[in-house]
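Following the hints, position chain B against chain A.
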Amino acid sequence: MPFDTNHPLLNVILQWALILCVISVIGTFVGGVSSLMGGGKRGLSEFFGVIGRALSDLILVSPQRIFALATLTTRESVRRKALWIGAVFLVLFMFAGWFIGDSDDTTPAKAYISFVITTIRWMLLPLAVLLSCWGLPADIKDRSLHTVVTKPVRRSEVVLGRIAGYSFVITAILLVVSVVGYGWILRVVPERSQRQLISRVPRFGGMKMLDQNGDLFTGVNVGDMLDLRRFIAGGTKELAMWQFQGLKESDFPNDQDLRLEYAFEAFRSYKGDIATQIEFSIDLVNPETNQRVRLGVQPVNEFSSEIAHDLKENQTENLILIPRTISYLDGETTKTADLFKDLVANGNLNVEIKCLDAGQYLGVSPGDLFVRMPDRSFAVGYWKTIFTTWLMLVLIITIGTTASCILKGPVATLTTFGLLILGVFLKNGLIMRLGKYYSDGGEVVGGGSVEAFYRLVTGLNESTPLDESITKTVIETLDSGVYAMLYLAQYVIPDISIFDASTYLANGFDVPLASCVLPSLLITLGFFIPAYIIGYFGLQIRELEAK
Amino acid sequence: MELGVSISMSAESVVEIRNLTKIYRDFWGRAKVKAVNSLSLEVKKGEIFGLLGPNGSGKTTTLKMLLGLLFPTEGEIKILGKQAHDVSKNERIGYLPEESYLYRFLNADETLDFYGRLFNMSAAVRKERKDKLIEMVGLNYARRRQLKEYSKGMTRRIGLAQALINDPELVILDEPTSGMDPLGTREVKDLILKLRDQGKTVVMCSHLLQDVQDVCDRIAILYGGELKVLGDVKDLLQSKGETQLITSKLDPAAQAEVEAVLKKHGASLHSSSSPVVNLEDLFLRTIEESKARPGRRYAPGETPKA
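Protein chains in written order, with the working numbering: chain A, 1 to 547; chain B, 1 to 306.
For reference, chain B alone in the conformation it holds in the complex:
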């Protein structure tokens, strides 16, 4: 049920939300929790949009309202130009839920075949799509195993594959890297970027901030069901009053000269240290080195290879 002002989508908007409110009520109809409060935002075509927030901030509730799994108490949603309750919109949407809610007695092949049938795909198209997706998520070795035998990471992978079975225009991912090892996480992030490069729009929610920072073009931060921050990731993270220079290693004399130059221009050196790679990069580099040189211990301090 939509109430409030009707919205017209701009040509570039894939998702448009206006004054969205969701109140959970108890058996007697009394308001229990206001999960989302007057949320308005827009997701543009071809961008990766991140919904951030602590537990209970309303990000999953918002996604579920987008998908018609929950009904808004107030406000209006337009998704791919259609109302949230219009099932035909799902033809162009791929959704990965927070937990991969799949049928555990099916194997990967059967799972993708089943979801492919729900899109009325022909047998030939289904076969082509599932072969490609199983290959893409790296589950070829386990495609005949029932999902109940899968690890959490494997289940997320097949969940991701089912979300892409219809080659969707809009991909909605709820905690896409949850339960995945760093290698899988990187693969998923690469895949998300690849989807954007193919012109698809991605809406994801996560509380793994590094993941969001790595892939998202724009983010919204929710707290207590309300929108607190909305904007481009680069703009939001950029410290506008500072300049960062990364050089090759300087000896103390050279560093003193740099400081003198900075002083001459009325600036000061806030900090100086060797650049630090993040833990994910270190982990991935270690795995790569271990594959390349089995039996040898990797020394993290070494200059990274080009």
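So that you can see chain A by itself, here it is in the shape it has in the complex:
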């Protein structure tokens, strides 16, 4: 659930444009050389004629024709009973309440939200694939497309019309089921948990850890391999410091409190008093003047999993409310400090955390402490999640339609499903493992895929090194080739898991624009343009009447 993106927008766009240009130049070069070899000067002139026509076909499209084709596609989809998927949703929502939700669950909203978003995603995804992969091949098979292309219709308009038509159908279905899903969530989430339906907006800061001497260190590893947290020792000078930036007074109008939300973990090296929470101190520090204000002491809330709520009664449940004017003790004297005038310098504020219980440890990670900006309504996060789902469906429709411009229905369907599955696998596991193999200099046990197959066939165990021979060189070269292809594939095949914003929503967070919505939009656009070009050429060079 990343909130921050490491890829500046401009760099990403430039990188994409560069890749597209390189592929176009290579394609043009290969095409030009092939034409020259096949047809001499005339062949080359024909080739550039095709490129010129393609450019005009791709750019000079008629909105009216696209709209006409989109409307036709919509009618066709409706005729194919695509809207029936809505009935399936209704049935699911009617009975889902029986199986979801536990009265003891402290976060029941999470289960209901996850169910609705997951159901919408996984029911519309196959529909999008099937609609987009079968429409055009059926049109070609029935030859109704032939009548269309004997009108002044560019093949690019056919591709765009199809994509627009399917997108419209999917959008209509998505809107209906999303509205139903939203109403269903509001209805089924218990009254006591309705407050969990919020969209928290976190402002994260960079974190660093300082040891007893004030030097940077990576924290203590308490042996939990799966935990991303590192620990600071209690009762010592070790501390974790967050550096928040961009805090503006105007973001907290009407003297609103600044809220810090935390989710630390306690690690007890001895049992101690289990009824008493491990405690930590919080200091606010002006990064320029070093003015320091101790806010007090907070419990870790080791056993709380509920989303923090500002009950306005006191500072409760992992939420620290910092008033605009803070009273604090400086020795024996009580002083006051203005949050934005005295502690926040040019939007920057440091927060230091120390564990107070000697012999115990406090686990922290960068995301464990954040400034909670004014909350947004649940509806905002919900519709952002639906928007990213819509972008995913449009991407799938684009890929499916492109595949159907080149392949027959069943093959296009398998190809599209294959690409989607491969995209998720490539990002989540395969490439990482192969990358590890190569980053470790090939020392990983068993080698790459070709080497593993060789070992399987020859019965050679995985820890015995291969003999230095031509065989080893060939195997390693082939493995490098496989890795290079897969490495390339992970950038060419989209990973649809990026579009899943349900984790943010289910955990009570707003869906971040920079690290979720915008990347989803860019991925969809980034794939749309090359897919549109490929789809156009797929139809353009295809003899529709070929026997």
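No lab work stands behind these hints, which were simulated from the structure alone. One should not assume that every hint holds.
What the hints assert, rightly or not - Among chain B residues calculated to face chain A with C-beta under 7 angstroms, some are:
hint	residue
1	Leu67
2	Phe71
3	Val87
4	Asn90
5	Glu91
6	Tyr101
7	Phe105
8	Leu118
Just so you know, these numbers come straight off a predicted model, no measurement behind them. For each residue, glycine too, the CB sits at the ideal point set by N, CA and C.
Leaving out everything else, chain B in the frame of chain A:
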């Protein structure tokens, strides 16, 4: 892809084909069938041109190459002054395919509206055109019915209407009367003649020879993908060594006198019989009579009414 010599169209040519060859290949690129072989012909503005030939002679393949649905293996095509792959030429072309490949879930109104949109016509023009065409093809009574409920003849009619939605300069008709009853056939033939009278050019292919004979000005006969005959229908069908006289009925004496006169001029009478109307005329006359006098049986031998 066009190869071979480039062609310049004469001012009167609407379609010009030079050395057109089409070879269908298998998956491995090996030649499977040579559907059209070095075909060269020209269609002039304002004429009705017929492509004839048995099944597999290459006439439909030729039409599809004209329309850009198939790519020529060799040769060059110019249609309305443009290359076959230029989609802008389609602005001025109307095409009726062999089977009416239309969207069966649309009704006649929606079908014509859809094709009208593809020509970027305004709503008002589309409405005017579709009303006129639906009326013209006689489908007013069924304009709201989905095409899947249409008979073959009705589908051909709406197919014809969509081919004319843009008021084209060149109309390409593939088996235009296929599946139509004699009444519909006559209407289509009349329409083709009317299109010519309006200055349009019609290219049609058919293996219904009578239809072609009735309407075409010029024909080309293809066999095995090659052009075998090309010329004016009248010239091609005229028997130059004979003269045909049609008179009112002659009694045997008068006929003997005619034969004597012919003998005197060194000619001989090859045959003598009462003129025979063709079956289409008989059928149409029967329908007309039946409409005019319901319940009465029509006697075909009666003198035709003026």
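| query | Checking against the hints above, which ones are violated? | reply | Structure breaks no hint.
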